[in-house]
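Participant: Starting from the given sequences, assemble the full structure and let the hints guide the process.
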Amino acid sequence: MRASEDQLRQWMIGGQRGDAANHRALLAALVPLLQAFYRRRMRDAAEDVEDLVQETLIAVHTRRATYDPDRPFGVWLFAIARYKMIDHFRRRRLTCQIEDVEHILIAEGFEESSLARIDVDRLLDTLPAKQAGAIRDTRLDGLSITEAASNSGIGESDVKVSIHRGLKALAARVTSKG
Amino acid sequence: MMDTDTLIRSLSEDVKPVPSHAIGRRITAGLVMGGIVTVVLIGWWLGFRPDFDAAMRGYSFWMKWIYTGMLATGAVVATTQLARPEPVRLRWLWVLAVPVVLLAIIGAIEMMRVPPGDWMAMWLGQSWKQCPWIVLRLSIPIFIGLLWSYRRLAPTRLRLAGAVAGLAAGAIAATLYCLHCPEASAIFVLTWYTLGIALAAAFGALIGPRLLRW
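As you go down the protein sequences, you meet chains P and D in turn.
Everything in the first sequence is counted per numbering that gives the first Met the number 0, starting at 0 for the first residue and increasing by one.
Everything in the second sequence is counted per numbering that gives the first Met the number 0, starting at 0 for the first residue and increasing by one.
Just so you know, these hints were derived from the structure itself, not from any lab.
Just so you know, not all the hints are guaranteed correct.
[Unchecked claim] Partner residues are not named here, just some residues of chain D that face chain P (Cβ under 8 angstroms, in silico):
1) Pro16
2) Val17
3) Ala21
4) Pro84
5) Glu85
6) Ala153
7) Thr155
Computed from a predicted model, the values in this text were never measured in an experiment.
Think of the CB as a built atom: it goes at the ideal place given N, C-alpha and C, for glycine as much as any other residue.
Facilitator: Written out as structure tokens, the structure is:
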């Protein structure tokens, strides 16, 4: 089973304090994550995956001071992994074919949008159902106010008020977490 | 190629604790080392201005210091932010235009107070030809200091990181150059100091991607 973001973060923080066992557990747990990350993006250069995994582990080790324990660990990790991949392409002067670039771009976008989607869903779940529904309909699914109103069987002004209150509550929540 | 398990074992043998504010410390150390070299260079090569005590009491010295100091502060903050691998928002960098606009206003006021025939002398001063190049050269030790800082950090936007490191080095070099430079007019500083600082930033953007790779 893969370690959760929270577990990885705890190990990382332990490693930053100088706990070798935590650090080792972290690096070991990162191996399958990084293998999956690179395999999905480098189907044509599978033999380089292991190299990149090792390079990334070394970077995680030598640059662990740049991780801020108050921020999500995954974003930090994958920013390093992505940097290593781009650097790898540059170094090899790999002229990838257009289709490959497209694959990379799609995969990048996919990961980011799904991460964002998860975050948004989690935030919306903290709102009352009516507000969350109104925001989802109009801001995420692109419905008009009228469509959203008939969709949820409430009045248009009710939809507007729900969106307004919901966004205000979200903004307050996000900035207070900040 | 080394086996991954062996690699993990050897990396876990040497786990030094990370001090708090590690990034800030590392960047401060690079800046201080570079800055000391720059001050020594100024002392040897250019000499400190003999009227330093009197100048400290005048307004033009402080005008120059506040201008370059504000640019340096903004650039150092951006350098620190870019030391982390995660994407950062740098839209706030437009505030660096504030000291430039303020100095331009001061320059305009100064110009209104003298006859137009003196404007050229005010603008070119005694040292307009050397000033930008001196600032650029004095920025090099500080830039090297920042490159050293970045060696243990994780910048991922190398050109931008190079540019803001160059900007920081240029602005700090200009701040220290005030220890020598007797020029006093705002439009002189606005043009020639800013040009030197901009050259340092451009130089950083140019060589950043090559020197900051990790």
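Participant: Of all the hints numbered above, which does this structure not satisfy? Sort the numbers upward.
Facilitator: none
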